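**Student:** Could you slot chain B onto chain A? The hints should help.
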Amino acid sequence: HTAGCFITDNVGQFFSSGHTNNWAVLVCTSRFWFNYRHVANTLSVYRSVKRLGIPDSHIVLMLADDMACNHRNPKPATVFSHKNMELNVYGDDVEVDYRGYEVTVENFLRVLTGRLPPSTPRSKRLLSDDRSNILIYLTGHGGNGFLKFQDSEEISNVELADAFEQMWQKRRYNELLFIIDTCQGASMYERFYSPNLMALASSQVGEDSLSHQPDVGIGVHLMDRYTFYLLEFLEDIHPASKTCMNDLFKVCPKSQCVSTPGHRTDLFLRDPGSVLVTDFFGSVRKVEITMDSINLTSVVSHRKEEPAANGELQKEVYSYSDQLPVSEIIHQKPKQRDWHPPDGFILGLWTLILLVFFQTYGIKHLKHIF
Amino acid sequence: MAAPLTLLFLLAVTVRAALFNSSLKELISDRVEVVSPLTAWKRVIEGLALLDLGVSPYSGDVFHETPLVIYLFHFVVDYAEVTFMLADLITAGCLYMAVKDYNKQVFRKQKFALEADRYPLDCLELIRSPKEMHYIPLKVAMFYLLNPFTILSCVARSTCCLNNAVIALFILSTIKGNLLLSAVFLSLATYQCLYPLVLVAPALLYLLQHQYIPVNFRRPNFWWLVAQYLFMFGGSLLVVVCLSFFLLGSWDFLSSVYGFILSVPDLTPNIGLFWYFFAEMFEHFRLFFLCVFQINVFFYTIPLSLKLKDHPVFLIFMQLSIISIFKSYPTVGDSALYLSFLPVWTHLHRFLRNIFLVSCLLLASSLLFPVLWHLWIYAGSANSNFYYAITLVFNVAQILLVSDYFYAFLRREHHLTYGLYLKRKDGSEAAMVLK
Numbered sequence: 004h005t006a007g008c009f010i011t012d013n014v015g016q017f018f019s020s021g022h023t024n025n026w027a028v029l030v031c032t033s034r035f036w037f038n039y040r041h042v043a044n045t046l047s048v049y050r051s052v053k054r055l056g057i058p059d060s061h062i063v064l065m066l067a068d069d070m071a072c073n074h075r076n077p078k079p080a081t082v083f084s085h086k087n088m089e090l091n092v093y094g095d096d097v098e099v100d101y102r103g104y105e106v107t108v109e110n111f112l113r114v115l116t117g118r119l120p121p122s123t124p125r126s127k128r129l130l131s132d133d134r135s136n137i138l139i140y141l142t143g144h145g146g147n148g149f150l151k152f153q154d155s156e157e158i159s160n161v162e163l164a165d166a167f168e169q170m171w172q173k174r175r176y177n178e179l180l181f182i183i184d185t186c187q188g189a190s191m192y193e194r195f196y197s198p199n200l201m202a203l204a205s206s207q208v209g210e211d212s213l214s215h216q217p218d219v220g221i222g223v224h225l226m227d228r229y230t231f232y233l234l235e236f237l238e239d240i241h242p243a244s245k246t247c248m249n250d251l252f253k254v255c256p257k258s259q260c261v262s263t264p265g266h267r268t269d270l271f272l273r274d275p276g277s278v279l280v281t282d283f284f285g286s287v288r289k290v291e292i293t294m295d296s297i298n299l300t301s302v303v304s305h306r307k308e309e310p311a312a313n314g315e316l317q318k319e320v321y322s323y324s325d326q327l328p329v330s331e332i333i334h335q336k337p338k339q340r341d342w343h344p345p346d347g348f349i350l351g352l353w354t355l356i357l358l359v360f361f362q363t364y365g366i367k368h369l370k371h372i373f
Numbered sequence: 010m011a012a013p014l015t016l017l018f019l020l021a022v023t024v025r026a027a028l029f030n031s032s033l034k035e036l037i038s039d040r041v042e043v044v045s046p047l048t049a050w051k052r053v054i055e056g057l058a059l060l061d062l063g064v065s066p067y068s069g070d071v072f073h074e075t076p077l078v079i080y081l082f083h084f085v086v087d088y089a090e091v092t093f094m095l096a097d098l099i100t101a102g103c104l105y106m107a108v109k110d111y112n113k114q115v116f117r118k119q120k121f122a123l124e125a126d127r128y129p130l131d132c133l134e135l136i137r138s139p140k141e142m143h144y145i146p147l148k149v150a151m152f153y154l155l156n157p158f159t160i161l162s163c164v165a166r167s168t169c170c171l172n173n174a175v176i177a178l179f180i181l182s183t184i185k186g187n188l189l190l191s192a193v194f195l196s197l198a199t200y201q202c203l204y205p206l207v208l209v210a211p212a213l214l215y216l217l218q219h220q221y222i223p224v225n226f227r228r229p230n231f232w233w234l235v236a237q238y239l240f241m242f243g244g245s246l247l248v249v250v251c252l253s254f255f256l257l258g259s260w261d262f263l264s265s266v267y268g269f270i271l272s273v274p275d276l277t278p279n280i281g282l283f284w285y286f287f288a289e290m291f292e293h294f295r296l297f298f299l300c301v302f303q304i305n306v307f308f309y310t311i312p313l314s315l316k317l318k319d320h321p322v323f324l325i326f327m328q329l330s331i332i333s334i335f336k337s338y339p340t341v342g343d344s345a346l347y348l349s350f351l352p353v354w355t356h357l358h359r360f361l362r363n364i365f366l367v368s369c370l371l372l373a374s375s376l377l378f379p380v381l382w383h384l385w386i387y388a389g390s391a392n393s394n395f396y397y398a399i400t401l402v403f404n405v406a407q408i409l410l411v412s413d414y415f416y417a418f419l420r421r422e423h424h425l426t427y428g429l430y431l432k433r434k435d436g437s438e439a440a441m442v443l444k
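Chains as they are written, first to last, in my numbering: chain A, 4 to 373; chain B, 10 to 444.
In short, the hints are calculated from the structure, not lab data.
Please note: incorrect hints may appear among the correct ones.
Have a look at the derived ranges for each label pair, beta carbon to beta carbon [as the list claims (entries may be wrong)]:
(1) B:PRO157 x A:ARG75: 54 to 62 Å
(2) A:SER159 x B:ALA388: 36 to 44 Å
(3) A:TYR364 x B:LEU62: 35 to 43 Å
(4) B:PRO157 x A:TRP353: 34 to 42 Å
For clarity, every value in this text was computed on a predicted model and none was experimentally measured.
Even for Gly, the Cβ is constructed at its ideal location relative to N, Cα and C.
So here's chain A without its partners, still in its complex pose (with noise of 0.2 Å):
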């Protein structure tokens, strides 16, 4: 009963978030192969997220390049995160929406809003009603004010904040935590003006945000060091913990980051020192206690057999091939031919033919053809 008495307290807290279920849109802009710890950043993620509850229908994920199956992967299928090859992110379930190509900062917009094509698959949408909790995690190259999608293109910090603004309005989120590892991070989160925000970033405007360390056997850094610190802080997290957000501030601290994380909480409603960790990163079902012990009836009646009449039932004794429709095909009758010529043809044809004959082969003309 003690276990019980543990519930009923802490029922409150269970339902202090007001969310009933959780998503997460992780996103890689970069491409090439020497940006493979935008890819292993995100992967690191992700394998977090789904740790912690978040189903692969509720993930998001979208990588701008292939980095597993790369040429120049010396271990193909593989993304690591620290040197030395501890941890596979990319691991034997990774479902990735979008990839390569589709990358692009339409699509993301679209999947942010909602408003993608009817034919757009469901693994491909952002399903949020207004009672998810949703984590937005960006990484790539920024700059002040901008996240470079692809090499080609940018997504502005006005962009972002209206496509916030859009998912509010459209009820899409109820509370909504946002990630951003770039250089210069900080800039994307200036503008936002949604209420229930909540923004991380990994450099303020000014700085960059550096990479960990390069391993020497694949040839490129691994990860980047604000993720790399937060991926080390949510291996800690399971989904029962109690962290709260004031702990996530304080991962990857100057000493470690070289850069300065920052965040930013003014648009949230909630105090942060009350949120936890798993709101956003796990997906913590909710549990409803009862102590009524309810009786199943059983909805199917059975259908009992009723006694042949005697002698009236008579039972067609089929083999089992005479019950399928290829017995009708086998012992298919000769067909009928069903159509026949009209008649008025037949006459007018012979007649015709009978006609020519007498004409060419009037008795003395036989002997010029044979």
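**Tutor:** Just chain B, lined up with the frame of chain A:
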């Protein structure tokens, strides 16, 4: 000559029966070189099945045969193999009799010309003798029956065999000089497959020649015969078309058969030239190129008739070859018909220039057709360009063959008029150059 002919017929029937009873029957019926959407046996069966279900066979894009073919196969579909073998034998028999008669006429004309001293003295080696011409009809029948193209067409039960039979009957009746039968069979051939319309010109020329009417636009004789023939041709065509209407009670066979032949909607690869072009054509230009391609078939009638107005049988040969090269859905069976005429012109052998090239090209392309088809469709390592290249080679070989024979024929005629060893005015040796 009856005995060798009977032997030949027996041999042909044996070969075809053997192939009919082997497993190759289905394989050959599916080859695109042998059957086309117009002539495939599968489609005939499909059309008859649709008819039994109470639906017009012309609904949908499956059946493109004429209603008379429906009528024929409604009764003989269970004996289809016998029908097709019979069609082949009829064709061979008609060609045999036609060529025999033609040879007699050629020899007679030559005799008159010799007696009238119309040949220069040094071209006596070009004169033909009855001895060398004796076996030509048999060779023609043999060329037709034992041609692998014909055998393949027959085994595939392609209705091309029936078309060839009707055209052969037309040729026989024309050479015998019978206006009505010639017009009737020509109208049947045109009704079946539209393109034999171009054979009106050689038929008219032959019949004029047969009745010793010179081609002179001022003579009433000429116009009377032309009018008679065209009336009979047009009338029988009209009668046959109306009769077809009465078979099914609707006119939709017109668009399914003639609309299909003329507008080429089906671009299944075949040995012709249309499919590749029209697969890549922009819709904007389609009508234009369709007109160009179709006019190409009919266009050579006038110049060829002008040039060959004294040699209508050679004109028939040329027209048949042009039809079978340039028609919208050619098959090897169409080529087999004009190839069977080649023994008639064996005397042109010394003037042919491309024998080796043409035979190599024909052999190579015929053998490569199935290879490149397999590579394209099944192995996936080739594409349509490869198959079209072989189609082009095959058609180029055919065109070279026909133009070579044309050149040789004209050259022989020239030599017969001006002498074999040409001399300039001052007596020195000259050579003839084809400009």
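**Student:** List in ascending order the numbers of the hints, as given earlier, that are violated by the structure.
**Tutor:** 2
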